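Participant: Model the placement of chain B on the given structure of chain A, informed by the hints.
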Amino acid sequence: KAGVTQTPRYLIKTRGQQVTLSCSPISGHRSVSWYQQTPGQGLQFLFEYFSETQRNKGNFPGRFSGRQFSNSRSEMNVSTLELGDSALYLCASSLATLGTEAFFGQGTRLTVV
Amino acid sequence: GQNIDQPTEMTATEGAIVQINCTYQTSGFNGLFWYQQHAGEAPTFLSYNVLDGLEEKGRFSSFLSRSKGYSYLLLKELQMKDSASYLCAGEERGGATNKLIFGTGTLLAVQP
Chain A
6 KAGVTQTPRY
16 LIKTRGQQVT
26 LSCSPISGHR
36 SVSWYQQTPG
46 QGLQFLFEYF
56 SETQRNKGNF
66 PGRFSGRQFS
76 NSRSEMNVST
86 LELGDSALYL
96 CASSLATLGT
106 EAFFGQGTRL
116 TVV
Chain B
753 GQNIDQPTEM
763 TATEGAIVQI
773 NCTYQTSGFN
783 GLFWYQQHAG
793 EAPTFLSYNV
803 LDGLEEKGRF
813 SSFLSRSKGY
823 SYLLLKELQM
833 KDSASYLCAG
843 EERGGATNKL
853 IFGTGTLLAV
863 QP
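Chains as they are written, first to last, in the numbering used here: chain A, 6 to 118; chain B, 753 to 864.
Only chain A is shown next, with the shape it has when bound in the complex (with noise of 0.2 Å):
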């Protein structure tokens, strides 16, 4: 079956603009977790949807924010883009919640200049 899918692959933005990020889980998945890696803090957890409701959420500050479609895609909004946003940006999907096996894609590569 299909894996994860993120889109896009890589994307450049410039300082101060906002950015979606996509994430298609395997089918039948109902939870979906986002993290953000960084040569610098490694990786770190945003936040986790089941079921269109965000349920954990990691330390990042409100310009970070997700959502859930009831097909379980989601998105992922950076508003007012800085320059420590540049990142690879994973998420992962499950079958429920964040103590089950998760499965990553691929990432967005976003660079901000």
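Keep in mind that the hints were calculated from the coordinates and are not lab data. In this text the structure is predicted, and so the values were computed from the model without any measurement. We put the CB at the ideal spot given by N, CA and C, even for glycine. It is possible that some hints are incorrect.
As the list claims (entries may be wrong) - So these bits of chain A aren't anywhere near chain B, every CB distance computed over 10 Å:
1) T12
2) T19
3) S32
4) H34
5) R35
6) R60
7) P66
8) F74
9) N76
10) T85
11) L86
12) E87
13) D90
14) F109
15) L115
Stated by the list, open to error - If you want the footprint, here are the derived chain A segments under chain B, 3+ residues with CB under 8 Å:
16) 20-31
17) 77-84
Facilitator: Only chain B this time, still in chain A's reference frame:
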């Protein structure tokens, strides 16, 4: 909050056994994850431990001691393809929501 510590790098020999340790300090620990990440690739889920004890999954096993704030990942019969970064992550309870706190990862190099 939660703090996760794991060694930065380890080296082991093909065919051997290696143990990667992870310690955590937490105010609301719920469970512990291990992930494998090859260079340039997305992480792969390895295990999630909630209860004390050892869970075995093929060549990989994960151990948790909640009272000691300690976990380890055990890799047996090492293969060259096991060269990767291994990430330990604690799940922390926080009111209505939980969150994951990741360690910086242990870069394992398997040598012939």
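Participant: Does each hint fit the structure? Answer for all of them.
Facilitator: Taking the hints in turn, this is what the structure says about them:
1. T12: With a cut-off of 10 Å, T12 (chain A) remains clear of chain B, as the shortest Cβ separation is near 14 Å.
2. T19: holds (26 Å)
3. S32: holds (18 Å)
4. H34: holds (13 Å)
5. R35: holds (16 Å)
6. R60: The assertion about R60 (chain A) is violated, with a minimum of 6 Å to chain B.
7. P66: holds (14 Å)
8. F74: At about 20 Å from chain B, F74 (chain A) clears the 10 Å cut-off, so the statement holds.
9. N76: Given that every Cβ of chain B is farther than 10 Å from that of N76 (chain A), nearest at about 22 Å, it holds.
10. T85: Consistent with the label, T85 (chain A) stays out of reach of chain B, its closest Cβ about 23 Å off (over 10 Å).
11. L86: holds (23 Å)
12. E87: Holds, because the least Cβ-Cβ distance between E87 (chain A) and chain B comes to about 21 Å, which exceeds 10 Å.
13. D90: holds (18 Å)
14. F109: Violated, because the least Cβ-Cβ distance between F109 (chain A) and chain B comes to about 4 Å, which does not exceed 10 Å.
15. L115: holds (15 Å)
16. 20-31: violated (count 0)
17. 77-84: violated (count 0)
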